[in-house]
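Visitor: Sequence:
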Amino acid sequence: MPPSTPKRTVLITGCSDGGLGAALALALHKTGLTVYATARNPSKMAHLISSAPGIRTLSLDVTSPTSITACVAQVPHLDILINNAGGGYSMPFSDIDIALAKKLFDLNVWGCLAVTQAFLPLLLESQYGGMVVNHTSVGSLIGIPFQSAYNASKAAMAIFSDTQRLELEPFGVRVVEIKTGGALSRFLENKHSSDEANKLPKDSIYDPVREIVEHVLQGEDFKKQMQPAEQWARDVARDLTRKGGPPSVIWRGKGAGTVRALSFAPHGWLDGELKKMSKMDAVGDIVGREKGERRKSS
443 MPPSTPKRTV LITGCSDGGL GAALALALHK TGLTVYATAR NPSKMAHLIS SAPGIRTLSL
503 DVTSPTSITA CVAQVPHLDI LINNAGGGYS MPFSDIDIAL AKKLFDLNVW GCLAVTQAFL
563 PLLLESQYGG MVVNHTSVGS LIGIPFQSAY NASKAAMAIF SDTQRLELEP FGVRVVEIKT
623 GGALSRFLEN KHSSDEANKL PKDSIYDPVR EIVEHVLQGE DFKKQMQPAE QWARDVARDL
683 TRKGGPPSVI WRGKGAGTVR ALSFAPHGWL DGELKKMSKM DAVGDIVGRE KGERRKSS
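Heads up, the sequence shown is in the numbering used here, so the first residue is 443 and it goes up one at a time.
A few of these clues could be false.
[Unchecked claim] Computed beta-carbon distance windows for the label pairs: (1) Arg684 x Gly496: 52 to 60 Å; (2) Leu716 x Ala515: 41 to 49 Å; (3) Lys449 x Asp727: 16 to 24 Å; (4) Trp711 x Ser506: 15 to 23 Å; (5) Leu608 x Gly496: 33 to 41 Å.
[What the hints assert, rightly or not] Straight line, CA to CA, 30 Å or less: simulated DSS-like cross-link-like pairs of lysine-lysine: (6) Lys717 x Lys644; (7) Lys544 x Lys717; (8) Lys472 x Lys696; (9) Lys545 x Lys717; (10) Lys717 x Lys641; (11) Lys449 x Lys544; (12) Lys641 x Lys486; (13) Lys717 x Lys685; (14) Lys544 x Lys472; (15) Lys644 x Lys721; (16) Lys641 x Lys718; (17) Lys721 x Lys696; (18) Lys486 x Lys718; (19) Lys696 x Lys685; (20) Lys486 x Lys545; (21) Lys696 x Lys717; (22) Lys685 x Lys449; (23) Lys486 x Lys472; (24) Lys718 x Lys644; (25) Lys544 x Lys685; (26) Lys641 x Lys685; (27) Lys544 x Lys718; (28) Lys544 x Lys641; (29) Lys545 x Lys449; (30) Lys685 x Lys721; (31) Lys641 x Lys721; (32) Lys696 x Lys718; (33) Lys718 x Lys685; (34) Lys644 x Lys545; (35) Lys685 x Lys472; (36) Lys545 x Lys641; (37) Lys721 x Lys545.
Because the hints were derived from the structure by calculation, they are not lab data. Note that the Cβ used here is the ideal one computed from N, Cα and C, for glycine as well.
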């Protein structure tokens, strides 16, 4: 690359230490890109800064128009935007707090779109051809019990990604979606500290199986099925920077390839595995027995 040609720049949202955004920032920095790592609270990127002093850190709350505008003003040019910031909400749909679900969509959907709109003028000017990367989930394709609000938000971003890809293609801007499976990060810890999603309400229809369901809501069992964040980030960085450009959909993380293959199976084909994974099979057995006992006593 000629000395006069600037390195490609990438801005990543949601780069707090311990998360997938931070891991991806480090991986892309190692490929030679100029990296802008952002987080709502910059103090939570201290480890990232010490690990790679060359990474530039900025404050960005994707749900705040003022914060978005201030961040854009600090970026002179941009080639790749990675919408990684996001949150989770685990709860049976019958017990969902609609206000919390709306906040989740503000973060996982509307925040991504607002950031993309704000940085689009810079991406359109990219001499390399701009790129928008939306980080969704394999959950956008499968109905994992107790994850309906989260999965719906990721499904919404998946279809937005497909639409953006077609709408921005005439302007030379590529749109890529990352469908992530199991990847170990601070996602569960952040989810636990940011909402009331770990405890069922007192009047829940799942009260007879409260202990089982609340254990699933904690998500600790899923950690055993996750890929290290660093490995996920290396794979994704290689995909994004490969010669000829990345595919329109990147599948990474534990189980992502399986979900990709099974997404072509008949509807409901995965139900048995999903029930086992979320302990819905055990819930069904207990609820069924209780119903039977009530019928006998009536």
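Visitor: Confirm or reject each hint.
Guide: Verification of the hints:
1. Arg684 x Gly496: 52 to 60 Å: Given about 22 Å between the Cβ atoms, the range is violated.
2. Leu716 x Ala515: 41 to 49 Å: With a Cβ separation near 45 Å, Leu716 and Ala515 satisfy 41 to 49 Å, so the hint holds.
3. Lys449 x Asp727: 16 to 24 Å: With Cβ atoms ~58 Å apart, the hint is violated.
4. Trp711 x Ser506: 15 to 23 Å: Because 42 Å falls outside the window, the suggested range is violated.
5. Leu608 x Gly496: 33 to 41 Å: At 36 Å between Cβs, range holds.
6. Lys717 x Lys644: Holds. Lys717 to Lys644 sits at ~24 Å (cutoff 30 Å).
7. Lys544 x Lys717: Measuring from Cα to Cα gives roughly 26 Å; hence the hint holds.
8. Lys472 x Lys696: holds (23 Å)
9. Lys545 x Lys717: Distance ~27 Å between Lys545 and Lys717 Cα, so the pair holds.
10. Lys717 x Lys641: OK: Lys717 and Lys641 at ~20 Å, within 30 Å.
11. Lys449 x Lys544: violated (39 Å)
12. Lys641 x Lys486: holds (27 Å)
13. Lys717 x Lys685: Not OK: Lys717 and Lys685 at ~41 Å, beyond 30 Å, violated.
14. Lys544 x Lys472: With Cα atoms ~37 Å apart, Lys544 and Lys472 exceed 30 Å; violated.
15. Lys644 x Lys721: Holds - the C-alpha atoms of Lys721 and Lys644 are around 20 Å apart, at most 30 Å.
16. Lys641 x Lys718: Satisfied, since the Cα-Cα distance of roughly 21 Å is no more than 30 Å.
17. Lys721 x Lys696: holds (20 Å)
18. Lys486 x Lys718: violated (36 Å)
19. Lys696 x Lys685: holds (25 Å)
20. Lys486 x Lys545: The given pair, whose Cα atoms are some 21 Å apart, holds under the 30 Å limit.
21. Lys696 x Lys717: Within the cut-off at roughly 18 Å; holds.
22. Lys685 x Lys449: holds (15 Å)
23. Lys486 x Lys472: holds (21 Å)
24. Lys718 x Lys644: With Cα atoms ~25 Å apart, Lys718 and Lys644 stay inside 30 Å; holds.
25. Lys544 x Lys685: violated (40 Å)
26. Lys641 x Lys685: violated (47 Å)
27. Lys544 x Lys718: Holds, at about 29 Å.
28. Lys544 x Lys641: holds (19 Å)
29. Lys545 x Lys449: Measuring from Cα to Cα gives roughly 36 Å; hence the hint is violated.
30. Lys685 x Lys721: Not OK: Lys685 and Lys721 at ~43 Å, beyond 30 Å, violated.
31. Lys641 x Lys721: Holds - the C-alpha atoms of Lys721 and Lys641 are around 16 Å apart, at most 30 Å.
32. Lys696 x Lys718: holds (17 Å)
33. Lys718 x Lys685: Answer violated: Lys718 to Lys685 is near 41 Å, above 30 Å.
34. Lys644 x Lys545: holds (23 Å)
35. Lys685 x Lys472: Judged against 30 Å, a Cα distance of about 16 Å means the pair holds.
36. Lys545 x Lys641: Distance of about 18 Å is within 30 Å: holds.
37. Lys721 x Lys545: holds (27 Å)
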